[in-house]
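K.L.:
Read off the chains here:
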Amino acid sequence: MTTPLIRAEGISKSFGGIRALRDVGFELYPGEVLGIVGESGSGKTTLLNILSGALAPDSGELFLLGRDGSELDFFRLRERERRALLRSDIGFVHQDPSLGLRMRVSAGANVAERPLSSGLRDYGSARKLAAEWMGKVELPLSRMDSKPSEYSGGMRQRLQIARNLVSGPRLVYMDEPTGGLDVSVQARVLDLIRGLSSELGLSVVLVTHDLGVARLLTERLLVMKDGSIIERGLSDQVLDDPQEPYTQLLVSSILGEA
Amino acid sequence: MSGNFAYLDEDSKRLVRRALLKAVSVPGYQVPFSGKEMPMPYGWGTGGIQVTASVIGPSDTLKVIDQGSGDTTNAVSIQKFFKKTAGVRITDRASEATIIQTRHRVPETPLSEGQIMVYQVPIPEPLRFLEPREGECLQLHANAEYGILYVKLYEDITRHGEIASSYDYPAMVNGRHAMSPSPIPRFDNPKLHRSKALHLFGAGREKRVYAVPPHTSVLSLDFDDHPFKAAPNPRACELCGSTESFLDEVVTGDRGERIFACSDTDYCEGRRRLTGKTLRKEA
Numbered sequence: 001m002t003t004p005l006i007r008a009e010g011i012s013k014s015f016g017g018i019r020a021l022r023d024v025g026f027e028l029y030p031g032e033v034l035g036i037v038g039e040s041g042s043g044k045t046t047l048l049n050i051l052s053g054a055l056a057p058d059s060g061e062l063f064l065l066g067r068d069g070s071e072l073d074f075f076r077l078r079e080r081e082r083r084a085l086l087r088s089d090i091g092f093v094h095q096d097p098s099l100g101l102r103m104r105v106s107a108g109a110n111v112a113e114r115p116l117s118s119g120l121r122d123y124g125s126a127r128k129l130a131a132e133w134m135g136k137v138e139l140p141l142s143r144m145d146s147k148p149s150e151y152s153g154g155m156r157q158r159l160q161i162a163r164n165l166v167s168g169p170r171l172v173y174m175d176e177p178t179g180g181l182d183v184s185v186q187a188r189v190l191d192l193i194r195g196l197s198s199e200l201g202l203s204v205v206l207v208t209h210d211l212g213v214a215r216l217l218t219e220r221l222l223v224m225k226d227g228s229i230i231e232r233g234l235s236d237q238v239l240d241d242p243q244e245p246y247t248q249l250l251v252s253s254i255l256g257e258a
Numbered sequence: 259m260s261g262n263f264a265y266l267d268e269d270s271k272r273l274v275r276r277a278l279l280k281a282v283s284v285p286g287y288q289v290p291f292s293g294k295e296m297p298m299p300y301g302w303g304t305g306g307i308q309v310t311a312s313v314i315g316p317s318d319t320l321k322v323i324d325q326g327s328g329d330t331t332n333a334v335s336i337q338k339f340f341k342k343t344a345g346v347r348i349t350d351r352a353s354e355a356t357i358i359q360t361r362h363r364v365p366e367t368p369l370s371e372g373q374i375m376v377y378q379v380p381i382p383e384p385l386r387f388l389e390p391r392e393g394e395c396l397q398l399h400a401n402a403e404y405g406i407l408y409v410k411l412y413e414d415i416t417r418h419g420e421i422a423s424s425y426d427y428p429a430m431v432n433g434r435h436a437m438s439p440s441p442i443p444r445f446d447n448p449k450l451h452r453s454k455a456l457h458l459f460g461a462g463r464e465k466r467v468y469a470v471p472p473h474t475s476v477l478s479l480d481f482d483d484h485p486f487k488a489a490p491n492p493r494a495c496e497l498c499g500s501t502e503s504f505l506d507e508v509v510t511g512d513r514g515e516r517i518f519a520c521s522d523t524d525y526c527e528g529r530r531r532l533t534g535k536t537l538r539k540e541a
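Residue numbers (the numbering used here), protein chains in the order written: chain A, 1 to 258; chain B, 259 to 541.
Misleading hints may appear alongside valid ones.
What the hints assert, rightly or not - BS3-like, lysine-lysine: derived pairs with alpha carbons at most 27 Å apart: (1) K338(B) to K465(B); (2) K128(A) to K410(B); (3) K410(B) to K147(A); (4) K487(B) to K128(A); (5) K136(A) to K454(B); (6) K294(B) to K280(B).
No lab work stands behind these hints, which were simulated from the structure alone.
Start from the sequences, fold in the hints, and give me the full structure.
P.N.:
Listed below in structure tokens is the structure:
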């Protein structure tokens, strides 16, 4: 039995009187793509924010398998160590690319930021690395010196993916990475995520409300409602044979798949 | 002379001095201080003036530099301010001054032990241009995460083929804190490295001070394959003939006649005194 890459236990979070997360726990195994589905307000984004250290939970534990095989207690790590993890070993792809990109510097500089932050001090190598990753996410090299503000929505998402993957993370959190993109662009970005995650053996936690995206990309699914995980299992199983009434409702509400 | 010596009351000076002591103890670290309203607008050097007022004594000799010169409006009014409120001796010669308050330049004349440079700083935060969140800037300094400064250098080289920042060029102080050396040209950055003088920086609007103590390492950030260059001047000063000083382009006539001359007027005059050259007749 392999050791899970992350193990979350009993995570709860309230905002005032609203209980956004209730006793959420799950495991993510190396190389696995785990989907979290549920409607707006079910706690998906709050969970992702807690997992990525942007928000502190009221209670709960998160253990991360370190590169050396040791188990890191994520919430109790020193700030400096946690930040170092977050800019090398962990990636975060936002739904809104302007949150994940520096819109005022060129695409190349965006990709080069993580290596430069990890001590790369050679312009030529930084540029080479940026070019290489522009290629991997299928962005034209001729646009490497353009700012992301001059990019289309789909290109911005590709750039965000490159900016994260350049540091060779083992774990990537994605919050609705294809939300707000039109259908054909969405398909190409999904294709890219699927290709890269299997090629690089990435572990991904993917939050989405789009069950089509969940079916295409994820291997296992967690269904959330009102801050709790109400159903979990292999994606095909959950989507084809949902057990909970709420999941049945959710699945039957997909347009064109009725 | 009316009011307290050097304008500020003694308690206010103590607050500034306390912040300065902390700043000297942690070179390059920005220390907040309770900046006072000064009888002049922000942008006229209120940070530098408060620092000078807090360290100056009756036996000090003050030199004020604005754009390298002691006779421009800002410099003259600050000289007058301290002449009136502190009655100290004012000089134009860098070698005679015990305190030199400056806006854009470090004197060409090498500084010596015991001298204090006081800088008027408009934007003390070197990370500001890429990180607008103050809290995040504090985090970045606390963890010495200076990657985004290299992102800026990357961007410069990509756009201009070289590091184009010609002033306020970020430097690493004592191998720990990244510092904005205020609007001095990058030509002057190397003068801070292991300087014999004490360098104090005061930002009035943002109410912060920071310092480079004597003999501290101040290294300008760069890439291995694009090393820092101090922007050498390809020509000589047309007044004193110096090829080693920072030059200003000065318009000398209505038809656009111009000359290149030392920006540091004290240095230029000193050299002309030595070589016996006279001021070129102005058109």
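K.L.:
Decide, hint by hint, whether the structure agrees.
P.N.:
Results for each hint:
no.: 1; hint: K338(B) to K465(B); in the structure: holds, 24 Å
no.: 2; hint: K128(A) to K410(B); in the structure: holds, 17 Å
no.: 3; hint: K410(B) to K147(A); in the structure: holds, 13 Å
no.: 4; hint: K487(B) to K128(A); in the structure: holds, 23 Å
no.: 5; hint: K136(A) to K454(B); in the structure: violated, 52 Å
no.: 6; hint: K294(B) to K280(B); in the structure: holds, 19 Å
The structure fails hint 5 only (numbered hints given earlier).
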